[in-house]
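Asks: Here are the chains, one letter per residue:
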Amino acid sequence: MQYHSPSSFNEAVAISNSSSGLVKYLAGGTDVLVQLKIGTKSPDHLIDIKNIPGVREISLRDDGGYTIGAAVSGAQLTEHKELSKKWPGLVEGMELVGSAQIQSRATLVGNLCNGSPAADSVPGMIVAGASVSILNSSGTKDVLVEDIPSGPGSTSLENGELITAINLPKRKDYEGDAYLRFIPRTEMDIAVVGCAVNLSLENGVITSAKVVLGAVGPKVILAHSAADCLVGTKLDGNILSRFSAKCSQIAKPISDKRGSEEFRKDIIGVIAQRAAKKAYDRALGNN
Amino acid sequence: MAKDELAKEFKYIGTRPDRPDGFDKVTGKAKYGADVAAVGMLHGAVLRSPYAHARIKSINFEKAAKLDGVKAIVTRDDFPVGIDGDTLKLLENTIAGEFAYYDGHAIAAVAATSVHIAKEAINEIEVEYEVLPHVIDVDEAIKPEAPVVRENAGDFSVPEGCSPNVASYIEFGIGDINSGFDKADLVKSGRFKTEAAHQGYIEPHACMAQLDHDGQGEMWVCTQGHWYIRQMCASVLGLEASKLCVTPSEIGGGFGGKTTIFIEPLALALSKKSGGRPVKIVMSRAEVLRATGPTASASMDVKIGITKDGYLTSGLVEFRMQGGAFGGSPVSEALQCAFASYNMPAVHHIGYDILANRPRAAAYRAPGSPMAAFAVESLIDEICTDLNLDPIDVRLKNAVKEGDKSSYGPKFKKIGLIETLEATKDHPNYSISLGDNQGRGVAAGYWMNHGGETSVSVSLAEDGSVNVTVGTPDIGGSRASIALMTAETYGIPYNSVRVNIAETGALGFNEPTHGSRATLASGKAVYEAANQTISEMCKRVAKKWQIDPDAVLWDNGYAKPAGPNAGDFSPISIKQIASEMDQTGGPIAGHHEASIRGVGHSFGVHIADVEVDPETGRITVLRYLVAQDAGRAIHPSYVEGQFQGGAVQGIGWALNEEYVYGTDGCLQNAAFLDYRIPVASDLPNIDTVIVEVPNPDHPFGVRGVGETGIAPPLPALANAVAAATNVRLRSLPMSPAKVLKAIKTGSDGC
Numbered sequence: 001m002q003y004h005s006p007s008s009f010n011e012a013v014a015i016s017n018s019s020s021g022l023v024k025y026l027a028g029g030t031d032v033l034v035q036l037k038i039g040t041k042s043p044d045h046l047i048d049i050k051n052i053p054g055v056r057e058i059s060l061r062d063d064g065g066y067t068i069g070a071a072v073s074g075a076q077l078t079e080h081k082e083l084s085k086k087w088p089g090l091v092e093g094m095e096l097v098g099s100a101q102i103q104s105r106a107t108l109v110g111n112l113c114n115g116s117p118a119a120d121s122v123p124g125m126i127v128a129g130a131s132v133s134i135l136n137s138s139g140t141k142d143v144l145v146e147d148i149p150s151g152p153g154s155t156s157l158e159n160g161e162l163i164t165a166i167n168l169p170k171r172k173d174y175e176g177d178a179y180l181r182f183i184p185r186t187e188m189d190i191a192v193v194g195c196a197v198n199l200s201l202e203n204g205v206i207t208s209a210k211v212v213l214g215a216v217g218p219k220v221i222l223a224h225s226a227a228d229c230l231v232g233t234k235l236d237g238n239i240l241s242r243f244s245a246k247c248s249q250i251a252k253p254i255s256d257k258r259g260s261e262e263f264r265k266d267i268i269g270v271i272a273q274r275a276a277k278k279a280y281d282r283a284l285g286n287n
Numbered sequence: 001m002a003k004d005e006l007a008k009e010f011k012y013i014g015t016r017p018d019r020p021d022g023f024d025k026v027t028g029k030a031k032y033g034a035d036v037a038a039v040g041m042l043h044g045a046v047l048r049s050p051y052a053h054a055r056i057k058s059i060n061f062e063k064a065a066k067l068d069g070v071k072a073i074v075t076r077d078d079f080p081v082g083i084d085g086d087t088l089k090l091l092e093n094t095i096a097g098e099f100a101y102y103d104g105h106a107i108a109a110v111a112a113t114s115v116h117i118a119k120e121a122i123n124e125i126e127v128e129y130e131v132l133p134h135v136i137d138v139d140e141a142i143k144p145e146a147p148v149v150r151e152n153a154g155d156f157s158v159p160e161g162c163s164p165n166v167a168s169y170i171e172f173g174i175g176d177i178n179s180g181f182d183k184a185d186l187v188k189s190g191r192f193k194t195e196a197a198h199q200g201y202i203e204p205h206a207c208m209a210q211l212d213h214d215g216q217g218e219m220w221v222c223t224q225g226h227w228y229i230r231q232m233c234a235s236v237l238g239l240e241a242s243k244l245c246v247t248p249s250e251i252g253g254g255f256g257g258k259t260t261i262f263i264e265p266l267a268l269a270l271s272k273k274s275g276g277r278p279v280k281i282v283m284s285r286a287e288v289l290r291a292t293g294p295t296a297s298a299s300m301d302v303k304i305g306i307t308k309d310g311y312l313t314s315g316l317v318e319f320r321m322q323g324g325a326f327g328g329s330p331v332s333e334a335l336q337c338a339f340a341s342y343n344m345p346a347v348h349h350i351g352y353d354i355l356a357n358r359p360r361a362a363a364y365r366a367p368g369s370p371m372a373a374f375a376v377e378s379l380i381d382e383i384c385t386d387l388n389l390d391p392i393d394v395r396l397k398n399a400v401k402e403g404d405k406s407s408y409g410p411k412f413k414k415i416g417l418i419e420t421l422e423a424t425k426d427h428p429n430y431s432i433s434l435g436d437n438q439g440r441g442v443a444a445g446y447w448m449n450h451g452g453e454t455s456v457s458v459s460l461a462e463d464g465s466v467n468v469t470v471g472t473p474d475i476g477g478s479r480a481s482i483a484l485m486t487a488e489t490y491g492i493p494y495n496s497v498r499v500n501i502a503e504t505g506a507l508g509f510n511e512p513t514h515g516s517r518a519t520l521a522s523g524k525a526v527y528e529a530a531n532q533t534i535s536e537m538c539k540r541v542a543k544k545w546q547i548d549p550d551a552v553l554w555d556n557g558y559a560k561p562a563g564p565n566a567g568d569f570s571p572i573s574i575k576q577i578a579s580e581m582d583q584t585g586g587p588i589a590g591h592h593e594a595s596i597r598g599v600g601h602s603f604g605v606h607i608a609d610v611e612v613d614p615e616t617g618r619i620t621v622l623r624y625l626v627a628q629d630a631g632r633a634i635h636p637s638y639v640e641g642q643f644q645g646g647a648v649q650g651i652g653w654a655l656n657e658e659y660v661y662g663t664d665g666c667l668q669n670a671a672f673l674d675y676r677i678p679v680a681s682d683l684p685n686i687d688t689v690i691v692e693v694p695n696p697d698h699p700f701g702v703r704g705v706g707e708t709g710i711a712p713p714l715p716a717l718a719n720a721v722a723a724a725t726n727v728r729l730r731s732l733p734m735s736p737a738k739v740l741k742a743i744k745t746g747s748d749g750c
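Line by line, the protein sequences give chains A and B.
Every letter in the first sequence is one number past the one before it in the working numbering, and letter 5, counting from 1, is 5.
Every letter in the second sequence is one number past the one before it in the working numbering, and letter 149, counting from 1, is 149.
What the hints contain is simulated information worked out from the structure, not anything from laboratory work.
A couple of the hints might just be wrong.
Claimed, not checked - Have a look at the derived ranges for each label pair, beta carbon to beta carbon:
1) 405/B - 102/A: 51 to 61 Å
2) 144/A - 66/B: 26 to 36 Å
3) 685/B - 64/A: 43 to 53 Å
4) 151/B - 156/A: 29 to 39 Å
5) 231/A - 116/B: 41 to 51 Å
6) 236/A - 437/B: 16 to 26 Å
7) 40/B - 144/A: 55 to 65 Å
8) 224/A - 66/B: 27 to 37 Å
9) 82/A - 744/B: 23 to 33 Å
10) 78/A - 170/B: 50 to 60 Å
11) 744/B - 14/A: 25 to 35 Å
12) 78/A - 151/B: 52 to 62 Å
13) 8/B - 257/A: 51 to 61 Å
Said to hold, decoys possible - Using 16 Å as the maximum straight-line C-alpha spacing, the simulated EDC-like pairs for lysine to aspartate or glutamate come out as follows:
14) 41/A - 120/B
15) 265/A - 195/B
16) 37/A - 120/B
17) 738/B - 236/A
18) 170/A - 236/A
19) 738/B - 261/A
20) 744/B - 262/A
21) 257/A - 615/B
22) 257/A - 120/B
These numbers come from a predicted model, not from an experiment.
We treat Cβ as the ideally placed atom computed from N, Cα and C, and that holds for glycine.
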């Protein structure tokens with residue numbers, strides 16, 4: 001295995017394109033290094049992007065949105081007060097990944113590229129409307145985060161394509177997000193189910209809603225019809241139980257060592273309902 | 001806690017000094033199993049069966065042997081033939097012969113110049129398997145038509161018509177249970193199940209071994225008992241025990257699981273085959289979970305009779321326990337513990353030790369007692385609910401006390417169950433009010449404790465400080481407690497005592513640190529050895545004073561005249577005696593060897609408060625109390641640590657620890673990510689009450705505290721969940737899915 005440490009994204013992509021065999025990009029390494037160690041992946045080339053200038057920076061763009069570098073750690077996100085205030089759901093999703101040690105290395109981009117349907121930070125990025133900047137040999141392009149996952153352990157990225165940053169849109173008043181997951185313990189677990197919700201309000205009434213379910217399908221599920229039943233409501237009456245039932249219905253989980261299909265369908269509704277309430281409360285308070 | 005009838009004032013015992021091994025352990029300097037290295041050392045790796053049950057038709061390691069850096073490959077062919085009985089089972093588990101009996105069973109091992117080459121070589125070994133039918137679940141394995149794990153595995157005790165997977169049968173009791181049930185106002189029965197649980201030690205098994213062609217060898221190993229390692233390695237390799245010198249490393253947890261061999265004989269065999277080069281093998285976590293530990297899984301029927309005012313009249317248990325492919329589940333110990341807390345007119349016990357295609361069961365903290373407690377203490381709680389009786393009062397009414405004959409035979413000397421129950425009843429945790437979806441559970445537990453073969457020595461250094469040499473590895477603070485007992489015996493400061501854990505050549509045979517015995521047994525032996533040196537010091541001082549040795553007494557670090565008639569002499573300090581040793585007769589040392597008797601039974605009572613999320617089935621432990629009779633807490637911090645550690649392991653077993661097998665019989669969760677032991681944030685502070693009813697047969701009243709604490713959590717949590725939800729879980733673990741199903745359907749999980 002050959003280790004590369006390029007000083008620009010273009011150089012990274014060039015190395016990837018000129019290398020034969022299995023090529024892996026390395027950011028925090030909290031997935032890749034574990035895969036190397038237990039022998040599930042044996043890349044011929046490892047391209048470490050951490051030394052590329054700006055890759056660990058969070059910047060506020062002129063349009064009011066944030067650009068998050070590909071090697072920004074979970075701990076950096078948590079410590080960024082403005083970002084955490086505007087996108088608490090996105091940040092709390094990332095914060096749930098691993099331990100303090102993992103948090104100092106793990107990245108949003110890594111979590112996305114690992115391709116796990118249970119990735120904790122991905123539902124939050126999708127409901128936020130985030131996109132990724134992708135660099136390949138023909139240039140750069142912007143792709144929505146929701147278009148990256150393609151199945152368990154796989155993404156829509158082509159060979160050699162590199163995600164250089166994550167772009168968050170501008171946060172408006174009376175918007176709020178939340179991410180909740182279910183695990184049997186309190187930490188150090190993989191989500192049995194997860195759900196992110198982002199809501200926009202006008203006079204307390206939900207004007208738009210995005211709902212993403214995690215760990216209940218081969219990839220994250222955009223629960224449009226569940227989100228639709230929240231719009232035009234204040235989460236009053238029996239809306240939440242209708243929403244909960246809809247989420248359970250949309251979920252298409254499998255049974256595995258972390259939970260049965262039946263149990264996952266049961267609790268995705270509960271977790272989604274709790275996430276919706278939390279997002280609603282945040283949206284009300286966010287002005 | 002009130003002092004006892006020994007009415008002795010202690011200067012050092014009961015204080016909380018820093019442990020002597022503490023600094024090295026918190027700064028990372030301490031040497032654990034994997035930290036050992038030697039010049040010319042090779043690295044070993046083990047090929048393991050990918051099948052739950054298979055015939056090994058052929059092993060071809062030609063390609064592996066040709067890899068650069070591969071120095072030796074061993075299979076069963078490199079081990080002696082003609083071995084039988086328990087030694088054959090040990091050997092079979094160390095390395096498969098004709099059959100692989102479980103997923104993870106060792107098939108071959110390689111030694112190479114690097115870990116990477118050794119692992120690569122493992123992948124190049126070609127094994128042809130014929131996959132055979134397997135059985136995992138204990139209730140499936142006991143069916144007469146179940147797949148046969150090993151032919152002719154049953155011993156003489158197995159009744160006619162049993163499943164071929166029954167390895168042994170046990171039955172005992174006292175009194176007439178039927179007349180006991182007739183006298184009862186309520187007779188209740190239930191079936192209970194527990195999953196296997198791994199000891200979960202943080203340090204994986206690791207060793208480095210060196211063996212020459214003449215059969216002389218050395219080993220450095222992470223173990224609870226290096227004489228056991230020596231004995232077992234010698235027996236499966238056909239070596240003379242005394243030619244193998246085994247040195248224990250520091251140990252990152254064992255809990256019973258490091259009292260037997262796994263990789264150790266493989267490392268020795270590889271070393272011999274590579275021309276005597278040292279070979280190190282370090283297990284991965286996946287190997288630990290697939291091939292070592294765990295304790296047994298259990299299926300248990302219990303029937304109990306009780307009068308309406310709360311007196312137990314009769315009890316019947318039938319325990320079926322699966323201990324892996326070679327038998328050896330702790331069913332006998334489970335039966336002994338089942339009713340040990342209660343004075344009942346009639347009890348009867350039936351037990352089956354059952355084989356399955358799973359790793360060979362190893363000891364785990366109070367082996368058998370937690371399962372027994374889960375079944376019996378859960379059913380007693382159901383009875384208390386039915387009759388509207390206070391669970392502590394019922395236990396107080398039936399609690400065993402001094403002079404009672406126990407449910408399994410021995411007569412109890414002074415014991416502290418009643419004092420422990422009273423301590424929990426008086427504790428604020430028993431009266432804190434609970435909210436919605438919250439419940440409180442009470443349960444008792446028992447462990448008999450153990451003395452065992454022990455050999456120690458004590459020597460006086462030239463400056464009057466004292467060296468103590470013991471053979472029981474320090475797992476839970478035993479260096480500190482032995483140093484305190486030594487300091488107390490001599491009347492010298494704690495810091496003037498150094499406790500060493502010696503290799504096998506330095507002392508006579510020592511059983512491992514198991515059975516809650518290290519502080520009890522090594523402590524008692526050190527007391528005897530120290531007193532030998534005190535007698536010798538008094539003798540030498542008597543000679544100096546030209547008086548009778550009986551006229552010299554030892555007091556707080558000084559030899560003194562026994563009274564005015566002995567003469568008027570100034571006391572002589574241990575320092576002075578030590579400085580003059582060479583003129584007064586040479587070195588002063590003592591030693592003591594014995595099979596230590598006079599164990600002190602230890603009872604514990606726990607109170608758990610939980611909250612259950614009715615929508616997800618998730619359990620949060622809100623509050624937890626451990627009260628236990630320590631006899632005497634030599635170092636209270638480490639006694640509390642043992643109480644807390646036992647409780648935490650029991651909580652894990654009760655809530656989320658589980659072996660998940662696929663339909664192929666392979667273990668699916670061989671990682672701590674999915675074998676869910678509790679993490680720190682899952683737990684409240686574990687409150688402790690140390691009850692001290694001294695063991696009359698120990699010089700300082702020690703009973704042994706390590707094991708009892710793991711038994712009560714299983715039923716205490718199930719009882720608390722029943723109180724919170726009105727649903728009774730009779731199957732562990734109480735994972736969220738199982739609890740949610742119980743809430744929705746009333747299912748007890750069995």
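Asks: Next, verify each hint and record whether it holds.
Replies: Quick rundown of the hints versus the structure:
no.	hint	result
1	405/B - 102/A: 51 to 61 Å	holds (56 Å)
2	144/A - 66/B: 26 to 36 Å	violated (52 Å)
3	685/B - 64/A: 43 to 53 Å	holds (46 Å)
4	151/B - 156/A: 29 to 39 Å	violated (55 Å)
5	231/A - 116/B: 41 to 51 Å	violated (57 Å)
6	236/A - 437/B: 16 to 26 Å	holds (25 Å)
7	40/B - 144/A: 55 to 65 Å	holds (58 Å)
8	224/A - 66/B: 27 to 37 Å	violated (59 Å)
9	82/A - 744/B: 23 to 33 Å	violated (44 Å)
10	78/A - 170/B: 50 to 60 Å	holds (57 Å)
11	744/B - 14/A: 25 to 35 Å	violated (58 Å)
12	78/A - 151/B: 52 to 62 Å	holds (60 Å)
13	8/B - 257/A: 51 to 61 Å	holds (55 Å)
14	41/A - 120/B	holds (14 Å)
15	265/A - 195/B	violated (25 Å)
16	37/A - 120/B	holds (13 Å)
17	738/B - 236/A	violated (31 Å)
18	170/A - 236/A	violated (28 Å)
19	738/B - 261/A	holds (13 Å)
20	744/B - 262/A	holds (13 Å)
21	257/A - 615/B	violated (21 Å)
22	257/A - 120/B	violated (29 Å)
In terms of the numbered hints stated before, the structure departs from hints 2, 4, 5, 8, 9, 11, 15, 17, 18, 21 and 22, listed from lowest to highest.
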